[in-house]
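Q: Here is what each chain is made of, one letter per residue.
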Amino acid sequence: MTAIRREALASYAFVERNFNLTKRYWGWEVAFLVYAVAGALSVSLIGQSVGSRRLLMSLVVGAVFWNYLSVVFQSIGDTITWERWEGTLEYTMMAPVRRSVQLLGSALYAVVYGLIHTAILLIVLVLFFSLDLGHANLGAAAVFMVVGSASLIGIGMLAAILPMMSVERGSQMVFVMQSCLLLISGVYAPLPSSIGPLRYISELSPATYVLRGVRSALIDGSGPDWAEVAILVVMACFFIPVGLWGFGRAERYAKRTGKLKRVG
Amino acid sequence: MSIAVLETTQSPASGRPIAKEFRAGPAALLVEHATKGFKVDRRKPPVMAVDDVSIRIERGEIYGLLGANGSGKSTFIRLVSGLLTLDAGRVEVFGHDLARDEMAVKRLINRVSVDAAFFKKLSPAENLSFAARLYGLDAGEARRKAAEIMARLGIGEKRMGRPVEQMSRGMQQKVAIARAILTSPTLLLLDEPTTGLDPRSKLDVQAFIEELRADHDATIVLTTHDLAEADRLCGRIGILAGGRLTAEETPERLKTRVAFEHGLPPTLESAFMQYTGRSLDDDIEEGEAGQVE
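In order, the protein sequences belong to chains A and B. One point on numbering: in this note's numbering, the residue at position 157 of the first sequence is 157, and numbering is uninterrupted. Adding 1000 to a residue's 1-based position in the second sequence gives its number in this note's numbering.
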């Protein structure tokens, strides 16, 4: 068997396992989806009540695409946490699988799962508010989604390090990281210049560019701003290798200190 | 491949010949001066879990590792599995150095631990399929092999689709063994695989371990608190105390030695008490009190 086929099979193992887990926890999946739909609807209703189509669209895009970005981030960030909960971490780490292959499999599933989740959410919101996406530039939105996902995957890998290094605090810190991304990324509206430093920090979050690009594509029908796409590409080229490197370092630390053994 | 007969012994419990032939070539497992300590308090020196342990295990052997709770058995197994890094020393599996050629070693080994850790909502088939793919097995081949192993362990096809959480502890442990065997490891690390099993399940697992050595050419390292099990299965036994290897012999020689040198009854329990400095009852009580090794 060629090395590439072996690695592809190993990557697929994580996709298949996560799919099986989603299937077995279908009740929770429905519950999370209902919660996501209710949350997106209630936020978007603010735009409806003000009577501004632009605000409504801006909130819908924010709610829907933040859902996608957070699902992808959380799925990858929880790669280690899940295994700790189930007590399987040592078995997975013992297998002859490179970490890049493991994380690629987790990321692939996260993106597919996130897209399905988001598509359902978008359909519900479009129907509920009778939104007309006739003049939206779906291609440009897709470009931002795809390129932005790569950066988010890199940050997710960095987040996955935390539960490896700290059993008790790791997943809590992933949650805090996700909350900070929500705050700085201008999810529901672009951050105003009056808030000072936070606005500059927001430029470090790939979600800022994704949401800005998707909003512009869906609301104004604009094409992709290639300068912003380039920034996302640079971010992906930075965050993915750094995430993999950090994950490897964290694994060595966990093996030195005996933290792979811990369950919880 | 040439075959060198190094040892012939007979288990008094089963009457079966064990460890009767070893092939020439690299050791199945070579551990030299393995040392591992853990810092539990920054102001104190590290606690030595494994302290300068050297063991050589030949291909086809079943090697038993006995010791009290906290003696370093599980740490030793984790070091060999690559789940912990060594502070000093080296580990070699069939000539592959664990530190330099980790992937090659990982392809040769698998492990069953006392806690049958699975994705409990997934079925045995789904858990086994995941393991098979990680080790590069084809899905069809994995399904066929898994069904064979599970049938041998007394788990029917009907059970293969139900969540693992609906299975008894004994069943779960059998699935854990099936998961390890599925990948055809040449070195199998069994860390208390029969702890907590009912007598029938225990016998099933023990018979399967013997079969693995005989039919699948597997080398097995077995840690156990069950001295009868060690006596039945193991060609050689090493005893760990405080992270150090305090004795290493065939079961028969251990019994003889403890009788001649210390005037104790010629049993493995006497040897355990002598070389660990404590009774088996102390050990079991501590284990039941929830001490983690």
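These are computed hints drawn from the structure, not numbers from a lab. For each residue, glycine too, the CB sits at the ideal point set by N, CA and C. Just to be clear, a hint being listed does not mean it is correct.
What the hints assert, rightly or not - The following label-pair restraints were derived from C-beta to C-beta distances:
#, chain 1, residue 1, chain 2, residue 2, range
1, B, Lys1039, A, Lys23, 39 to 49 Å
2, B, Asp1097, A, Arg256, 34 to 44 Å
3, A, Phe128, B, Glu1102, 47 to 57 Å
4, B, Val1040, A, Ile195, 43 to 53 Å
5, A, Ile195, B, Asp1138, 55 to 65 Å
Said to hold, decoys possible - Chain A residues, not near chain B, derived (Cβ > 12 Å throughout):
#, residue
6, Asn20
7, Glu90
8, Ser216
As the list claims (entries may be wrong) - In silico BS3-like pairs for lysine-lysine, Cα to Cα no more than 27 Å straight-line:
#, chain 1, residue 1, chain 2, residue 2
9, B, Lys1158, A, Lys261
10, B, Lys1039, A, Lys259
11, A, Lys23, B, Lys1158
12, A, Lys23, B, Lys1120
Q: Look at each hint and say if it fits the structure.
A: Against the structure, the hints:
Here the CB-CB span from Lys1039(B) to Lys23(A) is close to 42 Å, well matched to the stated 39 to 49 Å. In this structure the hint that Asp1097(B) and Arg256(A) lie 34 to 44 Å apart at CB is violated, the actual value being about 18 Å. With their beta carbons about 53 Å apart, Phe128(A) and Glu1102(B) fall inside the hinted range of 47 to 57 Å. About 46 Å separates the C-beta atoms of Val1040(B) and Ile195(A), a value consistent with the hinted range of 43 to 53 Å.
Between Ile195(A) and Asp1138(B) the CB atoms are about 56 Å apart, so this pair conforms to the stated range of 55 to 65 Å. Look at Asn20(A): its CB is around 5 Å from the nearest CB on chain B, not clear of 12 Å, so calling it non-interface is violated. Here Glu90(A) does not stay apart from chain B, with its beta-carbon only about 5 Å from theirs, under the 12 Å limit. For Ser216(A), the condition that its CB be more than 12 Å from all CB atoms of chain B holds, with the nearest at approximately 42 Å.
The straight-line distance between the Cα atoms of Lys1158(B) and Lys261(A) is roughly 33 Å, outside the 27 Å bound, and the hint therefore fails. Between Lys1039(B) and Lys259(A) the CA atoms are separated by roughly 12 Å; this keeps the pair inside 27 Å, and the hint holds. For the hint linking Lys23(A) to Lys1158(B), the alpha-carbon distance of about 19 Å falls within 27 Å, and the restraint holds. Our distance criterion of 27 Å between C-alpha atoms is met by Lys23(A) and Lys1120(B), whose separation comes to about 13 Å.
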